[in-house]
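A.B. asks: Protein chains in written order, with the working numbering: chain Y, 1 to 262; chain E, 1001 to 1259.
The set of hints was computed from the structure by calculation and includes no laboratory data. Backbone N, C-alpha and C fix where the C-beta goes; we use that ideal spot for every residue, glycine too. Be aware that one or more of the hints could be misleading.
If we take Cβ atoms under 8 Å as the criterion, some of the chain E residues that face chain Y in the derived model are [claimed, not checked]:
(1) 1019
(2) 1056
(3) 1084
(4) 1085
(5) 1103
(6) 1106
(7) 1111
Residue-level listing of the chains:
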Amino acid sequence: MITIIRHFRELWRHRALIECLVQREVAVRYRGSALGYLWTLANPLLLLAVYSLVFRFITRAIQMPRYELFLFTGILPWLWLTSSLSNGVGSIVHGANLVTRACVPPQVLPAVSVLSNLVNFLFALPVALAAVWVAGEAPTPALLWLPVLILLELAFLYGVTLLLATWAVPLRDMQFLVQNAVLIGFFVTPIAWPLAMAPAGLRAWMVVNPAASLIVPFQRVLLEHRSPEPEQLLLSTGWALAAIGLAVLSFESSRDGIPERL
Amino acid sequence: MSEPAVEVRDVTKRFRRYGPAARHTTLKTALVSWLSGRRDGIPGVDRFDALHGVSFTLARGTTLGVIGRNGAGKSTLLRLLAGIYQPDAGRVAVRGRVAALIELGAGFHPDFTGRENVLINGIILGLSRREVRERFDRIVSFAGVEEFIDAPLRTWSSGMMLRLGFSIAVHVEPDVLLIDEVIAVGDEAFQARCREVIERRTRSGDRITVIASHDLLAVEALCKRVLVLDPPHAELFDRPAEGIEHYRRLSAAPPPASS
Chain Y
1 MITIIRHFRE LWRHRALIEC LVQREVAVRY RGSALGYLWT LANPLLLLAV YSLVFRFITR
61 AIQMPRYELF LFTGILPWLW LTSSLSNGVG SIVHGANLVT RACVPPQVLP AVSVLSNLVN
121 FLFALPVALA AVWVAGEAPT PALLWLPVLI LLELAFLYGV TLLLATWAVP LRDMQFLVQN
181 AVLIGFFVTP IAWPLAMAPA GLRAWMVVNP AASLIVPFQR VLLEHRSPEP EQLLLSTGWA
241 LAAIGLAVLS FESSRDGIPE RL
Chain E
1001 MSEPAVEVRD VTKRFRRYGP AARHTTLKTA LVSWLSGRRD GIPGVDRFDA LHGVSFTLAR
1061 GTTLGVIGRN GAGKSTLLRL LAGIYQPDAG RVAVRGRVAA LIELGAGFHP DFTGRENVLI
1121 NGIILGLSRR EVRERFDRIV SFAGVEEFID APLRTWSSGM MLRLGFSIAV HVEPDVLLID
1181 EVIAVGDEAF QARCREVIER RTRSGDRITV IASHDLLAVE ALCKRVLVLD PPHAELFDRP
1241 AEGIEHYRRL SAAPPPASS
């Protein structure tokens, strides 16, 4: 417990550095591109168009009202998750220069990955809100849950990304593992299909799929205008705490060896 | 004055040496070595002491030169002082703000302008945003890069980048400044300015500067003391000329056969 508090206190001490690196990350991503920030929006919209085409019009597997909105509200937190993990897993390995030559503490780098993708998520979120509104539903107080859901996902993602980035130092396989997990993850998480469509037995899946426990509350709050179910919140809180606990302990026990293994 | 600001006591730093049979750790090799019960058991990898039982202390106001052959452990020693590496045995204590120039411009990003890179680099070296702003003009004029400051770094010459990196580090005004191999940066005029800055740090009486270099003339001119690395040992000389003499004798001798 003391280790975890000390870890976050150290992270907090480097907040100016984190802020600066996040700005750099966000700025450099679209620097030199003509559309700039519009790309943060183009990506989820393109995915949305393709999935809608496949699931609704070609296979006709899913018939539900407002399917595109449903997709949109699930894809945004999912993209935040996948881009954080895929950028973050190699953040320490690829940031070797910063760690061994510029004295940047390694845990800063996964935090930067997660936060810079949070920035993208926050850019796209108002568009989703507006889309729901335009579809004829005014915002409701349920939206006040959004900061809580964002915080939970942030905590979970920092934990997982730190863990992956730490393990990726001795085990370069981690990034391939993540690539594949992300690919599979999309289909086993209720993003393109609503959880209600799954057989009742399968709903227990959420217990072992943390992504589901994070994303379903987003859909519920944004689309159904209802507060998240308490047991879902409990579950995602549990996952976030477990991820952070495991990641921080794993990182702190191996951190002294990290710079020389880079 | 009495309390040493840098204290290195009995420090040992051990590294892995990769032999011809060594491979990169993958899930497979890690699993195999774990299953076969070898704790340190990546095949083809053994351990050697880069530094062994190294001790010295530096009082405030010392400018130390670190000399030794390539691979003698100069950068390792600087990284230990910077806190990037932890010693395998012994203790390293450094009091005050440390800035390390292990490699100039390590935190630079080629797509950003000089102005943006000054901010990022300054913050990496431990300044606040406000401190960077206050020192910005001095940093730029010391480096002599006024005309290019708003151009992306990839359009700069490497010399200009190195000058900017050096300028940022000295303007952090750290209590302990660690410089690796960068005295010979830039043209003659810039080198003269670098020397002036280092001499000013020495005269200030409370700053410590550690310079690792092969430029023996510069070391002799700038440093009060010299540490000669003869791996895995090190010897501190209070008179630079003696240290340099010792180093020359070591260099003349054939390199020790690696066991």
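A.B. asks: What are the numbers of the hints that this structure violates, sorted from low to high?
C.D. replies: The structure conflicts with hints 1, 2, although it agrees with all the remaining ones.
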